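Each step along the sequence shown adds one to the number in my numbering, with nothing skipped, and position 300 is 337.
Rather than coming from a laboratory, the hints here were simulated on the basis of the structure.
Please read all numbers here as calculations on a predicted model, not as lab measurements.
Backbone N, C-alpha and C fix where the C-beta goes; we use that ideal spot for every residue, glycine too.
It is possible that part of the hints are untrue.
Restricting the straight-line Cα-Cα distance to at most 30 Å, the calculated cross-link-like pairs of lysine-lysine (BS3-like) are [what the hints assert, rightly or not]: (1) K182 <-> K201; (2) K166 <-> K358; (3) K358 <-> K182; (4) K245 <-> K358; (5) K166 <-> K344; (6) K358 <-> K201; (7) K201 <-> K245; (8) K344 <-> K245; (9) K358 <-> K344; (10) K182 <-> K205; (11) K182 <-> K166; (12) K245 <-> K205; (13) K166 <-> K245.
Ranges between beta-carbon positions, derived for each pair [claimed, not checked]: (14) S211 <-> T305: 24 to 32 Å; (15) S235 <-> A337: 36 to 44 Å; (16) Q306 <-> D237: 39 to 47 Å; (17) D237 <-> R216: 32 to 40 Å; (18) R234 <-> D185: 38 to 46 Å; (19) Y256 <-> K344: 25 to 33 Å.
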Amino acid sequence: MKKLPFISALICAAVFLCGCGFLCLQYWNLDKHYRTLETEALHLQENNSELNEKLEENTTQLEDKENYIEGQKDYISELSDQIQDLEKGEDSDSDSSDSSAYSKSNSKNDPYPNLYADKDNLPVQSGQKYVYLTFDDGPSSLTPKVLDLLDEYDAHATFFVVQKNNEKYAEYLSEIVERGHTLALHSYSHDYNQIYRSVDAFLTDYEKVYDWVYEETGYSPSLFRFPGGSTNGSSYVVSNIIEEMERRGFIYYDWNVSSGDGSNLTTTQNIIDNVCTTVGNVDTPVVLMHDGSGKDATLAALPAVLKNLSEAGYEFRSLDKTLEPVQYR
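Input sequences plus hints: build the corresponding full structure.
As structure tokens, then:
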């Protein structure tokens, strides 16, 4: 009977040890399972980080492509408008009555007696591929940088200037002339609603920018470009403006190659592609670009444009009155 308590104690101890062993085994299994889950969680975190990086990269690429597509849409739309206007071939001869008040027979009563362009007699050269870069809406803080880049390639260009909001950059007008470029007029205000109301409204606006250029430089410009091109405004009014401006000795220029930089969505690469791939499709490429405030993409594209076209055998010339002007009308 004395052995029973001892045996009971042994049994209890055995049961306790077995229970502890079982618990230890369960704990070990749980710890192992936890570590496995922890490792998988780390792998998932790493994979998630990689996926986020790829997502950000794809998002950036998608935004770049969307911007490129939008820029191309603007460019294609602009070209389509130009083609439609060229196909129309509107005859402006029948719309001359509005400008009769400015005929030579009425020159004594001309309200703009000094608004006449001097004749240029520059020789026409041939046998060489020429490209005519033009810059609208300046001068601005970008203009001297554009001039420096042009100097690097001994390139001459044409600057169609706007006065309103650009008066503080007037010193660059003389610099344009002194560096051998053509200084031309784009308007005083660049306000379509104002300048295309009538012939008189147009002349009032242009007399301001003409006088500004002459007073700042002593140079009498003879070329001009309509804001938005000659297809803007009423066909009747613009036809009469053209007749009156030509009577005064001025010649207007449109363009047949657009850089597409009129759109704020256009990228530097868009501009390079638009110019360099289109120049070879026309006989006398007149390229529309801008050196107005905010056209940093144009400035960034200019070195590549100059380099590519120079290597393709083009010489950069400025416009003058001896050329057959590129005009939509």
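Hint by hint, here is what the structure shows:
Of the supplied pair hints, the one linking K182 and K201 holds, its CA atoms being roughly 21 Å apart against a limit of 30 Å. For the given pair, K166 sits about 18 Å from K358 by alpha-carbon distance, which is consistent with the 30 Å threshold. For a cut-off of 30 Å, the pair hint linking K358 to K182 stands: about 27 Å separates their Cα positions. Of the supplied pair hints, the one linking K245 and K358 holds, its CA atoms being roughly 22 Å apart against a limit of 30 Å.
Between K166 and K344 the CA atoms are separated by roughly 15 Å; this keeps the pair inside 30 Å, and the hint holds. Taking the CA atoms of K358 and K201, the gap is about 26 Å. The hint holds against a cut of 30 Å. For the proposed pair K201 and K245, the alpha carbon gap of about 10 Å is at most 30 Å, so the pair holds. Between K344 and K245 the CA atoms are separated by roughly 37 Å; this puts the pair beyond 30 Å, and the hint is violated.
Simply put, K358 and K344 have alpha-carbon atoms about 27 Å apart, close enough for the 30 Å limit, and the pair holds. Distance check on the hinted pair: K182 and K205 sit about 16 Å apart at the alpha-carbon level, within 30 Å; holds. Simply put, K182 and K166 have alpha-carbon atoms about 25 Å apart, close enough for the 30 Å limit, and the pair holds. Between K245 and K205, the direct Cα distance comes to roughly 16 Å. Compliance with the 30 Å bound is thereby established for this hinted pair.
Proposed proximity of K166 and K245 is contradicted: the alpha carbons are some 36 Å apart, above 30 Å. Roughly 29 Å separates the CB atoms of S211 and T305, a value that falls within the hinted 24 to 32 Å. Checked against the given bound of 36 to 44 Å, the beta carbons of S235 and A337, roughly 40 Å apart, stay inside it. Remark: the range hint 39 to 47 Å for Q306 to D237 is upheld by a beta-carbon distance near 44 Å.
Under the hint 32 to 40 Å, the C-beta atoms of D237 and R216, about 35 Å apart, fit the expected range. Between R234 and D185 the beta carbon distance is about 39 Å. The supplied range of 38 to 46 Å therefore holds. Between Y256 and K344 the beta carbons are some 30 Å apart, a value that agrees with the proposed interval 25 to 33 Å.
Consistency with the previously given hints fails for numbers 8 and 13, ordered from lowest to highest.
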